[in-house]
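Student: In order, the protein sequence lines correspond to chains A, B, C, D, E and F. Using full-length UniProt numbering, read the first sequence as starting at 1 and increasing by one per residue. Using full-length UniProt numbering, read the second sequence as starting at 1 and increasing by one per residue. Using full-length UniProt numbering, read the third sequence as starting at 1 and increasing by one per residue. Using full-length UniProt numbering, read the fourth sequence as starting at 1 and increasing by one per residue. Using full-length UniProt numbering, read the fifth sequence as starting at 1 and increasing by one per residue. Using full-length UniProt numbering, read the sixth sequence as starting at 1 and increasing by one per residue.
By construction, these hints were calculated from the structure, which means they are not laboratory data. These figures come from a predicted structure and were not determined experimentally. Do not take every clue at face value.
In this list, chains with the same sequence are indistinguishable; a pair is considered to hold if it fits within one copy or across any two.
With a cut-off of at most 30 Å between alpha-carbon atoms, the simulated DSSO-like pairs for lysine-lysine come out as follows [to be verified]:
#1 K26 - K324
#2 K77 - K26
#3 K26 - K116
#4 K3 - K116
Protein chains: 6
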Amino acid sequence: MSKVVAFGEIMLRLSTESHLRFSQAKAFGASYGGGEFNVCVSLANYGVNAEFVTRLPENEIGASALKEMRKMNVESKNVVFGGERLGIYFLETGAGARGSNVVYDRAHSSMATIEKGTIDWEKVLENATWFHWSGITPAISETAAEACLEAIKAAHKFGITISCDLNYRSKLWQYGKTPSDVMPEMLQYCNVILGDIDTAYFMLGIPKVNPNYQDEKSLPVLYTKLFDMIPNLKTVATTLRYSVSASHQRIGGILFDGKSVYHAAIKEVNPVVDRVGSGDAFMGGLIYGLQEYQNNNQKALDFAVAACCLKHTIAGDYNLVTLKEVENMLDGNASGLVSR
Amino acid sequence: MSKVVAFGEIMLRLSTESHLRFSQAKAFGASYGGGEFNVCVSLANYGVNAEFVTRLPENEIGASALKEMRKMNVESKNVVFGGERLGIYFLETGAGARGSNVVYDRAHSSMATIEKGTIDWEKVLENATWFHWSGITPAISETAAEACLEAIKAAHKFGITISCDLNYRSKLWQYGKTPSDVMPEMLQYCNVILGDIDTAYFMLGIPKVNPNYQDEKSLPVLYTKLFDMIPNLKTVATTLRYSVSASHQRIGGILFDGKSVYHAAIKEVNPVVDRVGSGDAFMGGLIYGLQEYQNNNQKALDFAVAACCLKHTIAGDYNLVTLKEVENMLDGNASGLVSR
Amino acid sequence: MSKVVAFGEIMLRLSTESHLRFSQAKAFGASYGGGEFNVCVSLANYGVNAEFVTRLPENEIGASALKEMRKMNVESKNVVFGGERLGIYFLETGAGARGSNVVYDRAHSSMATIEKGTIDWEKVLENATWFHWSGITPAISETAAEACLEAIKAAHKFGITISCDLNYRSKLWQYGKTPSDVMPEMLQYCNVILGDIDTAYFMLGIPKVNPNYQDEKSLPVLYTKLFDMIPNLKTVATTLRYSVSASHQRIGGILFDGKSVYHAAIKEVNPVVDRVGSGDAFMGGLIYGLQEYQNNNQKALDFAVAACCLKHTIAGDYNLVTLKEVENMLDGNASGLVSR
Amino acid sequence: MSKVVAFGEIMLRLSTESHLRFSQAKAFGASYGGGEFNVCVSLANYGVNAEFVTRLPENEIGASALKEMRKMNVESKNVVFGGERLGIYFLETGAGARGSNVVYDRAHSSMATIEKGTIDWEKVLENATWFHWSGITPAISETAAEACLEAIKAAHKFGITISCDLNYRSKLWQYGKTPSDVMPEMLQYCNVILGDIDTAYFMLGIPKVNPNYQDEKSLPVLYTKLFDMIPNLKTVATTLRYSVSASHQRIGGILFDGKSVYHAAIKEVNPVVDRVGSGDAFMGGLIYGLQEYQNNNQKALDFAVAACCLKHTIAGDYNLVTLKEVENMLDGNASGLVSR
Amino acid sequence: MSKVVAFGEIMLRLSTESHLRFSQAKAFGASYGGGEFNVCVSLANYGVNAEFVTRLPENEIGASALKEMRKMNVESKNVVFGGERLGIYFLETGAGARGSNVVYDRAHSSMATIEKGTIDWEKVLENATWFHWSGITPAISETAAEACLEAIKAAHKFGITISCDLNYRSKLWQYGKTPSDVMPEMLQYCNVILGDIDTAYFMLGIPKVNPNYQDEKSLPVLYTKLFDMIPNLKTVATTLRYSVSASHQRIGGILFDGKSVYHAAIKEVNPVVDRVGSGDAFMGGLIYGLQEYQNNNQKALDFAVAACCLKHTIAGDYNLVTLKEVENMLDGNASGLVSR
Amino acid sequence: MSKVVAFGEIMLRLSTESHLRFSQAKAFGASYGGGEFNVCVSLANYGVNAEFVTRLPENEIGASALKEMRKMNVESKNVVFGGERLGIYFLETGAGARGSNVVYDRAHSSMATIEKGTIDWEKVLENATWFHWSGITPAISETAAEACLEAIKAAHKFGITISCDLNYRSKLWQYGKTPSDVMPEMLQYCNVILGDIDTAYFMLGIPKVNPNYQDEKSLPVLYTKLFDMIPNLKTVATTLRYSVSASHQRIGGILFDGKSVYHAAIKEVNPVVDRVGSGDAFMGGLIYGLQEYQNNNQKALDFAVAACCLKHTIAGDYNLVTLKEVENMLDGNASGLVSR
């Protein structure tokens, strides 16, 4: 039976309600989330054994994050404690032409100050079959990048499948190194990558190409270049997002497995309840799909897109839907009938 | 002056807010509603004398339901008390591709354990001109079915117009009988039926036909079959609902009066605030329309469709709109201008 | 550096949440706003020195309105105190086919009972470069109309630019005079007018013409008539609003400067979070644009339209957006991407 | 069977939550209440047939007040419509040394502008056995005072018991008359008066005496003076309130029936959830007690005090407790055990 | 290391906020709790390995209860699924003289319809050191009583310590048997009992004695009688509760270990935030104390009383305090200083 | 006319509602406060010209803090922008025996990273008559201590009265220096100090003496020692707080002016709505009192104690009461009567 271990940061999310602006809010909704944790929640909801490894401060806010992990049935036994604070992000949910606004307050967090050697990866990964990380961890601090590389190497040593969501955020990467200084080595060991072609190129230090995702001819060539540079690569997937407005998105996806390009049909997402974490929902769906539908990459991709679409209807960071609900949408039932 | 009496169950409705899933909710909105009661509220809002008859538990939750009836100006003097509990339903309001989700917890309710002979129908119906029931009451228990049949027979004896909303719910009918065991006798006395053709056929024990509601030729034939089986039938109406998503519906309607088929133009409903009870809003509008516009079945149908559309903008089970608001929409004003 | 002074009423706004009807509400959201004050907030957000002059009751509700002015960085030093009460308006936010509903309770307010001579306009306008008023003040009472005319004359004497939002509300004007009794004199001094042609004609006492706003030929003629009657007029602008439903609007605008007609492209606004105050957001954008882009009336108009569109995404009366956000939309970025 | 009719004003009550000050509130709790209506609710809760007569504006706020009457099972069939607005009062609930703060905004209300002849008292009082009014109605306007006197005279003509809660509020009485101009004639017809001795003396135009409510000797003399001046008087009762802090009250009561003085033992009320309306709860309890315990004035008084104490634990204007709950406290059970 | 297993029912708790009555509530706070589960939460908070065994319905409400168990770090792996519904209780929190009010709606729950043989107790209790049950389970249905006896016998066979909270509720026991029919056999196996002497006598079928808990002489005699009837009994403890009002309690406790009587000093609890579950907090503290302070029954009792007192300050069913917080109170620090 | 300038940190305060624990909260109340800012709000409420100087991050959270300053009528024109983040503190409000709990997350804030030379004190203090700081600023970082010393020296140079609230917090002072390294120099310039004797001694590096605040003989000696060490000292005041529980405090105060000791009578504070900031309310009251009642130190002290008591009834960090309300309490009116 598969077991997925993810490593990353979980944050306190403070969000305004009913599209209020920050200065209008007398209260912030308080929840907990973060890219790699959100992937774990998706997997736990689909019945996969999922574990999240992170570093939390020893205070009541860290304890509350831990309770959230438990509630969501994500294994937390290898979480370590230390450092000063839980990272925070403030979220103002937009509408129509006004986009959502995120204010990060995650510097100096317990995860940002983690160091290599903190986690006993030999023990953590003992029964794991999959290791997931994202481009956020190497972006928050040099020591976090080192700690992440250590984990990747351990996973590689165990022969575990390794996935990475590139997740480039220009506001991070403030500690003096660029993605192309750090990411190439980390990506070497990856088997599955989620991200668009230009982000991958940028992180690997090669020029951007502004790809045409509808061009069946050029795409295999562009993707193959990644396979050339990353020896262990098996699958690259890209979420296609067309943003009509903050309230209306069109979502599709592409997957390349070294041989073929798979396209998922574009789906309308309208209205958007909460789009934060929809990429993580795609990632969670992809990890599930690649394992569950092993000889059917089209279905794996379609599952990821369906999961991503449903996430837009869920408040909070992670995708609180059941396997049955994603499968139902996969089967074409998206008309939102009342179940009674 | 007309007086409508309805018989059925009123439940405590516990709903999550802002599209939250059940497990995210720290609170449930608490309101009271149920198909036949919702019809009464519509009628009371239109100025019709409406009375609701049901059985409530003698506790604070039953007392709160009673207060709701009073608030909505629905006569409650013939409500009886007894039994263990008020039926409950939990509601999670969907969005986009995620449909709303209803969890019923209505078994063993005071209404489910009502028995024949509990209500003094001779007294209740004395000045009534219309009696309304729905297919939910015979679906919840055998004794409720018997109590409902008793009421229908009394109404028939008094020569009162009888209407029924077929309201088939597959999750009910758990007590060992099927609709076709019970409904044919109950429908015998009906003058007005709301429901689609296949549901009516199914309840009468005849094969479904998957009707084409745009086919002007076949429809009269299919409807006439119902008139053949139900001697007192005067009017059959069907709500046409095209569900684009949980947030976007298209609503129309059809009415057959034994002679002609009337079609109401399809209306866009976007966004949906709350679609639960929109069928009851149609029924309430139809009962009003058939009485108010006696020689104008087209207008009666249009009124029902307009009422149904407006209900989708109202939170809660029943249609909290004024007669003037429905008439305004009937007159084609649906552009949602601010009134000031 | 420019300084804008506006004169008018600020009210307590009591609104239901989540599209609830008045009778469903156990609480009303409480905020403060009013046409001319809303214009000041827009300007303050854009970095313009803005002052609001009004009359407030000496009680805790008046004090709370004053705190709101301060919070929004609108100068309030010339506010006067007196009278009985703060005007109130109740707001029920519609959805889809159900329009929003406003119940005014503003009669007998401190602003309605203001009298000529209450404000020392010589002092107030000393360093001002712009004076703004609207057609609401002369509509609430005869003494308010007189007090407003006094202010207009003082502004004219100082040679300050004067703008007026016509803002015709049929529910007001209850004190025995009609707009055409009062407005012609007040409008004489105006340099900038916001309002549609027929409203302007009506207020000036000339017959309505039901103008075709797409007809490039007739428009200059119709607008020129206003220039003929108002000697100081420099700019007339009109918001074009197409209401698909309470939740979906299409917004454009037209500006005439005595020579040319400028059109702003229609923008889709969907969904609508709150459309009250969107006209004031247009006015605020126009005042800003006319000053900032002095030789570019097209850009001034486009700025006003962009500001107006963004307002529909903001809860509350005034347009809580930054200059950068309006400029961003002006530059064509309306796809609502997350900023992170 | 007894039937009590009360005449007075019902207002919209806008209150801050959790002891917030007005300027901190983003929302006001919205409910409906007023002295004479609150008395009706108490009586309806005890099973007494109670009717409230008032004048409401024809808008959604008036309609909401009407729905509240219905919900509370208070007969409203003789309510009349007209006028401009529903009276409002703002409430900030204090704690400890900070008292609650009320801001009235009730001038110009529909009830304040009622006139003599508006209500058909012959019809209204036809089957009534008791008429209740309070000193608030003659305090709000001259026409309201006249309308109230008209009602009192009609009740007297029918031989109905008449009760009055003196309810002196110094902030009212702004229309040019003093209580001693108006009240003596109105009180002539009263059989039951609630109020302290000095207030009664003041309203009757005789000097205050600062009575000692513990002095068994002087009390009968002081009360007898009222009996001498009011020919129909049968019962005078006074609530004794010792305010330790806004959160801690001590409540007792005194009753004089022309012969004997009855004292109710002081009860501790701590904490206070909401003390507004506790005098009305006393009045409601007294009317009930005087009817139910006809030969036991001690019990009638004790019932009134128990009802008054319980009101302090109820949020909102009126006393939402059952007869059984008051009787339970009357029997000495005040230890607040959980009922399960 | 110790491991405690508890067996019982977890319910959905629906509570009004801010002391509102049921009929005032537009929403109910939703949480999950129940006597035996609450004990598990206390123990998990103190660092004890705690597992809860129950039967849940296979719907979203049951799933939410399961998530709550996980969040609170209570092992749930042996929870079984089946039956119709999760038991519900409605709670209205009182204040002062008005006691809290509980409306049970727990009949026909999944736990009430559990049957003997449903749980594999051999497996569940394999590594357990303590088994806890309460008098509620045999009170809800005959099959639940049988299932509970089965568990007790299995625990006895394994030689595990068995504790019972007598928890007599007169509203239950509706299925035709009395406590004295069922409890004597179940109590035979108990080592630790929480309950007052008269409840224990009543459940064992012997006459009540109305004990004086301050009488050092009679108490050992009365308690010894229980030891005579229950061969395995080691410890009996009783919570002493003096209810000044719903908002003010005085809490003490007594423990008898077959030899000596231990008294805990009375503590003031004022105000009461939520007293539901305070008995369970006592029980949880007692189980912890008896294990942790093995030769110090006084300290074990004091710990239980301190835990019980702290529970009154916590909203919800269970005692969300840390070991350190209880120890701090045990050390005499109850002055509520701010920790910063 | 006096003008008070304060220098310090303003933080985002995130608090749970209704006594919830952190892990129970789905939302945190969001407000803004901090010791020195709270003092400014008190003064502004009393009509004093108050200015607050601090450093804010250039993001939406910093902008919201600025809006709060403006709303409270505190001058903010010399606020500087820079640094990474606004300091945060989490607050869980206790009850009874459970104290409130504060989790600080203020490290690395914009104020903590301020440096000497950032503020142009010559300009800021130009028209000031009073400068206020507290022991928190030198406790958060070495550069903040330096920046504070710079301000103190500038104020001294201008001959302005300087006050300091010692405010010792053991959780701060983490940067390698102790209070006695830093504070003696800073306190040299102070004229008014708020703090207990032992804290003052500790900060000045002399042994604690555990003073008896009731001993009229020893107190002048102990206080005089401070006057001996601080050449400019005129007034020392100490809040006396007896904490019965988190919900019940007893508050008094002592003042020594170099000659006499003044005692304020102890006042009961029960219940406590929010005690955070009550020391700042004392400080604000003291600064006001010393200026307003220049020859009456007893009255100045009594004013400070009354202000402090009232603060306990106000939610949030600062003391939202009017001058009239404090004066009213000063006059002995603390019985919390309703004002209507």
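Student: Now tell me, hint by hint, if it's right for this structure.
Tutor: Hint by hint, here is what the structure shows:
1. Taking CA atoms no more than 30 Å apart as the test, K26 paired with K324 passes between copies only; the shortest distance there is 25 Å, against 38 Å inside one copy.
2. In the homo-oligomer, the alpha carbons of K77 and K26 lie at most 30 Å apart only across protomers (24 Å), although the nearest pairing inside one protomer, at 36 Å, exceeds that limit.
3. In this assembly of identical chains, the alpha carbons of K26 and K116 never lie at most 30 Å apart, being 40 Å within a copy and 34 Å across copies at closest.
4. Taking the shortest Cα distances, K3 and K116 sit within 30 Å of each other inside one copy (23 Å), while across copies they are farther apart (35 Å).
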